[in-house]
Structure formats: C-alpha cells, structure tokens
Amino acid sequence: MRLASLDVGRVNLNESGIVDLKDIKAIIDLMKKNSISEFEMERQDFKIKLKRGGNGIAASPQYDDSQMVAYAPAPIPMPSGGASAPQMPSGSSGEVEIKSPMIGTFYRAPSPEAGNYIEVGMEVTPDTVVCIIEAMKVMNEIKAEAKGIITQVCVDNAKPVEFGQPLFKIRPT
Amino acid sequence: MTIDTQILTALRAAGDNGVAGTELSQKMGISRAAIWARIEELRSLGYEIEASPHLGYRLLSVPDVLHADDLLSNLGQTKVIGRDIRVFEETTSTNDVIEKLARDGVKEGVVVFAESQTKGRGRLGRKWMSPPRRGLWFSILLRPQLSPTAVTQLTIAAATGLFRGIRAQTGLTPEIKWPNDILIGGKKVAGILTELSAELDKVKYVIIGMGVDVNLSAGEFPPELRKIATSLKIETGQRVNRAELAVNILQELDRDYQRICSGKFEAVANEWEEHCSTIRHNVIIHMGDRKIQGRAESLDTDGALLLRTQHGHLERIIGGDVTLEK
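Protein sequences, first through last, are from chains B and X. Sequential numbering of the first sequence, starting at 531, is according to my numbering. Sequential numbering of the second sequence, starting at 39, is according to my numbering.
One thing to keep in mind: the hints can contain errors.
As the list claims (entries may be wrong) - Simulated pairs of lysine to aspartate or glutamate, EDC-like, Cα-Cα distance not exceeding 16 Å:
1. B:Lys-629 to X:Asp-239
2. B:Lys-629 to B:Glu-570
3. X:Lys-240 to B:Glu-649
4. B:Lys-673 to X:Glu-282
5. X:Lys-240 to B:Glu-675
6. X:Lys-138 to B:Glu-671
7. X:Lys-242 to B:Glu-671
8. X:Lys-302 to X:Asp-338
9. X:Lys-226 to X:Glu-213
10. B:Lys-629 to X:Glu-353
11. X:Lys-242 to B:Glu-675
12. X:Lys-329 to X:Glu-363
13. X:Lys-157 to X:Asp-142
14. B:Lys-673 to B:Glu-649
15. B:Lys-689 to X:Asp-42
16. X:Lys-242 to B:Asp-657
17. B:Lys-555 to B:Glu-570
18. X:Lys-225 to X:Glu-213
19. X:Lys-165 to B:Glu-643
20. X:Lys-226 to X:Glu-273
21. B:Lys-555 to B:Glu-568
22. X:Lys-329 to X:Glu-311
23. B:Lys-673 to B:Glu-643
24. B:Lys-673 to X:Glu-137
25. B:Lys-677 to B:Glu-627
26. B:Lys-673 to X:Asp-327
27. B:Lys-629 to B:Glu-671
28. X:Lys-117 to X:Glu-137
29. B:Lys-689 to X:Glu-273
30. X:Lys-138 to B:Asp-657
31. B:Lys-677 to B:Glu-653
32. X:Lys-302 to X:Asp-340
33. X:Lys-157 to X:Glu-137
34. X:Lys-271 to X:Glu-282
35. X:Lys-226 to X:Asp-359
36. B:Lys-699 to B:Glu-675
37. B:Lys-629 to B:Glu-692
38. X:Lys-65 to X:Glu-79
Please keep in mind that the hints were generated in silico from the structure rather than gathered at the bench.
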C-alpha cells in the first residue's frame, strides 16, 4: 500500500528540534502498522494531529507560537515498505553511504593475501580505511569519513565501480 | 640552501680551478674553520675534496650516495618537485614516509629517497625489491588542483617524465607500457605506484612512488624476475651515476607536472603515445577473472586505454594486467 504524500506545507522544522520529518515518518509508520486512524500529540508549544483516511494520511499541525517561521519543504517520499516498528524513530534514512570518488576497480583488501579492510558489523571511525579504488595504477584508499557501524558492503571485490557509486553503508553512532 | 649545498655548488662551479677557503668563508659568512669542518664532514661521506695552498678546494669525485644537500645543489630551480629533498638510509617504504609528511601538512613537492626499503611495494601489495644503493627508490608528494578523476593524468605524466629522465642520463630509449611501466627490450626497469587521498570532489594529496633498477647486476635479481626485469647497468654495460639520474628524473617530472597543472595533458599524452609499446599492438588484459583481447588504439582524455576488441567495439580500459600478445 502506498500512502498519499503528507501535507507538510505548514509544518515548521524548527531549530529547537521539537519535531523532525523522520519522527513524523516513524509515527506514520507506527500508525499504519497498528491500524491507528488518528494521532494527536502536544508538547510545549507544539501540537501535531495526524489522521488516516482511506489509504491516505493528512496532517494538520498547529502552533501556538506565531513567531515561528514556516517554510515548505519538498513532499516527503513515503516509505513503500513498512519499517520494522522501531522503538525509537530511525529507519534506513539514517544511514550514510560511502561513495566512490572515481571510476575504477574496487578492492576490499590491500593485497590478495591480506584480509579485508572491514566487514559488516565492524565499527569504523572517519579515518578507517575501508577499501581501495584503483584506476590506472592510482590506488585510492577510501576512508569511512564517518563514525559508525558498517551495515552493508555494496560491491563485490575486484569489480568495476562508477563515480559516485555507493560502496558501503554505515549506521552512524 | 644549507651550508653543504652552498659549498658543493661553489665547488662544482669552480671545477678544476678550485675555490679558496677565504672566498667560501666570505660568501657564506662563516669562518674558514667552519668551512674546513664542513669539508671534513663531506669527505667522511665519501666526497673526494682536494685542498691545496694554491688552488684552494677542488672537488675530485663524488661518492655513490644520495645526499639531500647535494641533490638540491644539482637540481637547481624547479617549480614544485624537489624543492625539499630528504634522504633516508633505510625505511619501510618511501610512500609510507611521504604519507606521514602529507598528514603533517608538508607542502607539495617534497621528495623522499631511501637508500634501501624493507617493505618496498608495487600495486596490490606486490613486493618491490629495493636493495641498498642499487637503485632509486623515492616518492613525491603532490597536492594538485585536480578532480580525483583527473589524477589518472598524473600516471601518464609520471611515466613520460621518468622516461625522459632515464633517456637523458643513459642515452637508452626505453618503452612505456600502459599505463606507466618503463621497459627496456621488453623487460621492466622502473615502476610507478601512485597513491591518492581524495574526497568525492577534491584531492587531498597524491603520492607518486618510483622504483628504478639502476645498478643491479643480473645475479642480484631473483631467478623468477630475471626474464622480466632488468637494470640500467645491465642495459648500458656500465654503472650509472644514481645522483645525476635522480636529478634528471626530478627535473623532467617537474616539467610534466607543470604541463598537467596548466591543462596541457594532450601534449603529455602525445609524447607518451610516441614511446608506448602498447599502442598499435594486440594485447591481452586480465581484470580479476575477466580476460579482454584486442588491439590497443589510443589513450582517452584521462589516460584510459582505448581497446578495439575482437568483436569490433571500442572498450575503455582503466585497470588490469596488460600483456602484449605474441
């Protein structure tokens, strides 16, 4: 089931971090999963009301603080598959991709005899070398550039990669 | 310039006429005793310096060592490469030393030589034999204003620079094998390993490591390498002056680096193609478990090899092991 896009024209993603698009998405996912048709939340000067009608969803946020500046972000793409109802809002959007800075050949180890730089589940820091991309004997050591856990290796060893192609996924910690 | 660099430069300029101690002392603003002490130090390194009451100091011969100040004195003015030279007696790999300097924020152009490397390496961890004082094992730090994808141009430039340096010193005409091996009579005499540190749209630094087999004799190569590797000494039949060769190579590399930085890759690529043994030949390329056969036609704008396959279509090659089809 694909939900109609959420009307967020008046949602203020304010700097005080009261609400975040990710939070709203997670709430919608929970509503969907548990067949809840209405949801209301009030916190300090923020109030949100979500209503599910038919196979769509509508939101009518209200603000007590008239000083808040409203702007219209792009419509949120709805997740097509249900998230696995996490306790805390997270989901795949929180992951970071390590992308290839050049066209070349992807190597997971410094030499054929050596072990892989990293495996799924390993913790990395921004300086951790995760792989090598080689193009015309230029060896490019790719660093994680983020702190987190490796959740996916997107390319097989010794395979060609394109510029900007995702190589790994990291869940930031 | 250090005192040693100044002394060696003055001695070279004076040639057989020699230069008086008082003149050196005035030029450099230090005492004659201090000059004498430096001369003694140079002698202990193997420099043969004659001192006579009439002629002053004369440089008779230089030892077969790499001496940073002497290299600087011979190199003269270069734009970038070799403005700073450091020589190590032994290190793991000169690329490792440069990497550390790069992280410490050292300016581009620094060159690190090692008289021997304990872990000299080629691509993908392949061992590079680097016995003491038999070759030139060195690395250069560059910080080019290029996109990471254009760094492959430096691979081509490094090969042409190295080619001209070897030709100028030895009179030999080597061939270049795509992308950057230097061969003589089909045997490898020098190799290049380039390591890059980049973000998606920006190069942080580039390390160009080079190994030149200069004065190795045939017996010094392990049996498995004798058929595929050679040295300049084997090819010329005589010892080659390593310090002079180093200076020639650095000067030529500096020239080509300037050409790349000013967008003149095409000129470099044309020169490369002229001396390349791969272009216009039938080759086999092994990439992992894939094998591609075809005729090497030309270089693409980034240095990739354009191969006309057996099936007639043009394929861009950026990696793999290239062998000429017999």
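Status of each hint after checking the structure:
1. B:Lys-629 to X:Asp-239: Within the cut-off at roughly 11 Å; holds.
2. B:Lys-629 to B:Glu-570: 40 Å, violated
3. X:Lys-240 to B:Glu-649: 27 Å, violated
4. B:Lys-673 to X:Glu-282: The given pair, whose Cα atoms are some 39 Å apart, is violated under the 16 Å limit.
5. X:Lys-240 to B:Glu-675: It holds: about 14 Å lies between the C-alpha atoms, which stays within 16 Å.
6. X:Lys-138 to B:Glu-671: 14 Å, holds
7. X:Lys-242 to B:Glu-671: 12 Å, holds
8. X:Lys-302 to X:Asp-338: Status holds; Cα separation ~14 Å.
9. X:Lys-226 to X:Glu-213: With Cα atoms ~9 Å apart, Lys-226 of chain X and Glu-213 of chain X stay inside 16 Å; holds.
10. B:Lys-629 to X:Glu-353: Answer violated: Lys-629 of chain B to Glu-353 of chain X is near 24 Å, above 16 Å.
11. X:Lys-242 to B:Glu-675: Holds - the C-alpha atoms of Glu-675 of chain B and Lys-242 of chain X are around 13 Å apart, at most 16 Å.
12. X:Lys-329 to X:Glu-363: 13 Å, holds
13. X:Lys-157 to X:Asp-142: 22 Å, violated
14. B:Lys-673 to B:Glu-649: 14 Å, holds
15. B:Lys-689 to X:Asp-42: It is violated: about 52 Å lies between the C-alpha atoms, which goes past 16 Å.
16. X:Lys-242 to B:Asp-657: This hinted pair holds, its Cα atoms lying about 14 Å apart.
17. B:Lys-555 to B:Glu-570: 14 Å, holds
18. X:Lys-225 to X:Glu-213: 9 Å, holds
19. X:Lys-165 to B:Glu-643: Holds, at roughly 12 Å.
20. X:Lys-226 to X:Glu-273: It holds: about 11 Å lies between the C-alpha atoms, which stays within 16 Å.
21. B:Lys-555 to B:Glu-568: 14 Å, holds
22. X:Lys-329 to X:Glu-311: It is violated: about 24 Å lies between the C-alpha atoms, which goes past 16 Å.
23. B:Lys-673 to B:Glu-643: 21 Å, violated
24. B:Lys-673 to X:Glu-137: Roughly 14 Å between the alpha carbons, so the hint for Lys-673 of chain B and Glu-137 of chain X holds.
25. B:Lys-677 to B:Glu-627: The given pair, whose Cα atoms are some 12 Å apart, holds under the 16 Å limit.
26. B:Lys-673 to X:Asp-327: 27 Å, violated
27. B:Lys-629 to B:Glu-671: The given pair, whose Cα atoms are some 12 Å apart, holds under the 16 Å limit.
28. X:Lys-117 to X:Glu-137: 21 Å, violated
29. B:Lys-689 to X:Glu-273: Violated, at roughly 38 Å.
30. X:Lys-138 to B:Asp-657: Holds, at about 14 Å.
31. B:Lys-677 to B:Glu-653: 8 Å, holds
32. X:Lys-302 to X:Asp-340: 12 Å, holds
33. X:Lys-157 to X:Glu-137: 15 Å, holds
34. X:Lys-271 to X:Glu-282: Roughly 14 Å between the alpha carbons, so the hint for Lys-271 of chain X and Glu-282 of chain X holds.
35. X:Lys-226 to X:Asp-359: Roughly 14 Å between the alpha carbons, so the hint for Lys-226 of chain X and Asp-359 of chain X holds.
36. B:Lys-699 to B:Glu-675: 12 Å, holds
37. B:Lys-629 to B:Glu-692: 9 Å, holds
38. X:Lys-65 to X:Glu-79: 19 Å, violated
The structure is inconsistent with the numbered hints 2, 3, 4, 10, 13, 15, 22, 23, 26, 28, 29 and 38, although it conforms to all the rest.
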